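Undergrad: One letter stands for each residue in the lines below.
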Amino acid sequence: MRIDRDTHPEETPSSADAQGGSCLPDVLLIDDSEFIHSLLISKFEHEPIRLHGAMCSSEGIEMASELMPALILLDLSMPGVDGFQTLRLLKDMPVLKDTQVIVISASDDTEDKVAGFELGACDYVTKPFNLPELRARMRSALRVHELLTLLAERAQVDGLTGIGNRTCFDERIEQELSHRDRSGDPLTLALADIDLFKAVNDTFGHTAGDEVIRGVAKLFNKHLRKSDIVCRFGGEEFVLLFRDQQAGAVIPVLDRVRQAIEQTRWPAHPDHKVTISFGVCDTPAGDPRKAEDWLNTADQALYAAKRAGRNRIYYGDANGQQSALRLAS
Amino acid sequence: MPKDRGDDRKNPEPVRSDFEGDPAMRSLIDLFVAQMPEKASRLSDLFEGGHIDDLERLAHQLRGAAGGYGFGEISEAAAGLEDACRAEEELDGLRSQVDELVDLCQRARTGTEH
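From first to last, the protein sequence lines are chains A and B. Numbering of the first sequence is given in my numbering, commencing with residue 1 and proceeding in unit increments. Numbering of the second sequence is given in my numbering, commencing with residue 330 and proceeding in unit increments.
Hints may be right or wrong, so weigh each one.
[Claimed, not checked] Derived Cβ-Cβ restraints for the label pairs, each shown as a range:
(1) R415(B) / P94(A): 31 to 39 Å
(2) T167(A) / R355(B): 47 to 55 Å
(3) S370(B) / A136(A): 31 to 39 Å
(4) S370(B) / H179(A): 49 to 57 Å
(5) F117(A) / E367(B): 32 to 40 Å
(6) G184(A) / S370(B): 53 to 61 Å
[Unchecked claim] Calculated from the model, a selection of chain A residues having no Cβ within reach of chain B, i.e. all distances over 10 Å:
(7) P25
(8) E59
(9) F84
(10) Q85
(11) M93
(12) K113
(13) A136
(14) V157
(15) R166
(16) D255
(17) R307
(18) R310
(19) N311
It should be emphasised that the hints constitute simulated quantities derived from the structure, not laboratory data. From a predicted model like this one, the values you see are computed outputs, not experimental measurements. Glycine residues also receive a C-beta, built at the ideal position from the N, C-alpha and C atoms.
Just need the whole structure built from these sequences, with the hints factored in.
TA: Quick look at the structure:
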């Protein structure tokens, strides 16, 4: 039996909030005692959490992998697969690597405590509960999870521009390919490279170069939709993902950005213009080729754009043919 | 046969929750107390049937839950029974703990009951 109680029904939390905003943390209780579930549902009614419940190990593991909760409260002594074994299984799941686990047990046995910690639990609470204590430990565990989340996010952010970095992209492209297959709609990928960027750095200095990179990132953010992704791929290179779009629909957007960059007056070098080249490709739902292959295709198209004179958009198809993207007139 | 058991079993003193005065706990206490007769008879049945493992498990559950509902006495008695189940080899040696726990469960009352 699953027990899902939104302890803050007036909130509308989004568990898939990509911005990591104000959604409530999910807390999963895995315990075979209905008494414990009832007690916590009632006692945590006003806690800023979403409390979920599972009555046994297998149900708990299934729910954990769906919810990816911030915290799991895990009863050590359940019939069948016990808490220790469950903890082992949970800690083996990559999606739960940052999930905090508080083991709960009626036993005050030191050996149990040590075993729990060694298996990766962050805390140990005995039953019957002292509820203020449980609440305090729960809040502490949730704080740790919040910090881990911030750390992970920061590790995915490019320091100069504030947009996603390569690590972020590597994760996002897999998610976008899955979305593509689930939705049936294509995914478009674009690589963008600032033209002759080395010359900007060499002539006007690295600070000027940084300003150009920042400015370009800002322009991408300005022109892209919320669901589009832009990440800094390398020094002066950006990678973009457009879900549910074929390349043809993406051209106008890219061209607007291209023009905006071309027309920008850079404070450090007002008379020196900066341009950008694009290599674009798209991939239909169900296409088995890997992310790497699509990146290569876009890369070849980008290279073709550079060879053709830069400041333009080239399209690469699956057969390795490149062509200049026709602009909608 | 233990000497004092008979008197204790006839003790009509209700067992109440420490949180009886807390309005927020009312429905929880009602919920817990409502299940006590069933738990009490199950304890007896398991003991009479010689199912020590199941008896231990039920004692363990009560031990872990009762205190949270303010029935610390029941938690303690359940702990005693659970430990005795683990240590005891003969069924007869558990009788006093079973009786004590059953008695407490039967005497559990909500705030409005006497």
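Undergrad: Indicate, hint by hint, whether the structure satisfies it.
TA: Here is how each hint holds up against the structure:
At roughly 38 Å, the beta-carbon separation of R415(B) and P94(A) lies within the given 31 to 39 Å, and the hint holds. With their beta carbons about 52 Å apart, T167(A) and R355(B) fall inside the hinted range of 47 to 55 Å. At roughly 38 Å, the beta carbons of S370(B) and A136(A) sit within the given window of 31 to 39 Å. Distance hint for S370(B) and H179(A): a CB-CB separation of about 55 Å, consistent with the stated range 49 to 57 Å.
Between F117(A) and E367(B) the C-beta distance comes to about 37 Å, which sits within the given range of 32 to 40 Å. Between G184(A) and S370(B), the C-beta spacing of about 58 Å keeps the proposed range 53 to 61 Å intact. Against chain B, the non-interface label of P25(A) holds: every CB pair exceeds 10 Å, the least being about 22 Å. At roughly 18 Å, the least C-beta separation between E59(A) and chain B is larger than 10 Å, which holds for a residue marked as non-interface.
With a least beta-carbon separation of about 16 Å from chain B, F84(A) lies farther than 10 Å from that chain, consistent with its non-interface assignment. Distance to chain B confirms Q85(A) as a non-interface residue, since its nearest Cβ pair spans about 17 Å, more than 10 Å. Taking the minimum C-beta to C-beta distance to chain B, about 26 Å, the non-interface status of M93(A) holds against the 10 Å cut. With a cut of 10 Å on Cβ distances, K113(A) stays outside the contact zone with chain B, its closest approach being about 16 Å.
No beta-carbon of chain B comes within 10 Å of the beta-carbon of A136(A); the shortest separation is about 15 Å. Residue placement check: V157(A) keeps its beta carbon more than 10 Å from all beta carbons of chain B (closest about 43 Å). At roughly 48 Å, the least C-beta separation between R166(A) and chain B is larger than 10 Å, which holds for a residue marked as non-interface. Even its closest Cβ contact with chain B, about 62 Å, leaves D255(A) beyond 10 Å, as expected for a residue assigned away from the interface.
The Cβ of R307(A) sits about 72 Å from the closest Cβ of chain B, beyond the 10 Å cut-off, so the non-interface label holds. A cut-off of 10 Å between C-beta atoms confirms that R310(A) is not in contact with chain B; the least separation is 70 Å. Every Cβ of chain B is farther than 10 Å from the Cβ of N311(A); the closest lies at roughly 68 Å, confirming the non-interface assignment.
In terms of the numbered hints stated before, the structure departs from none.
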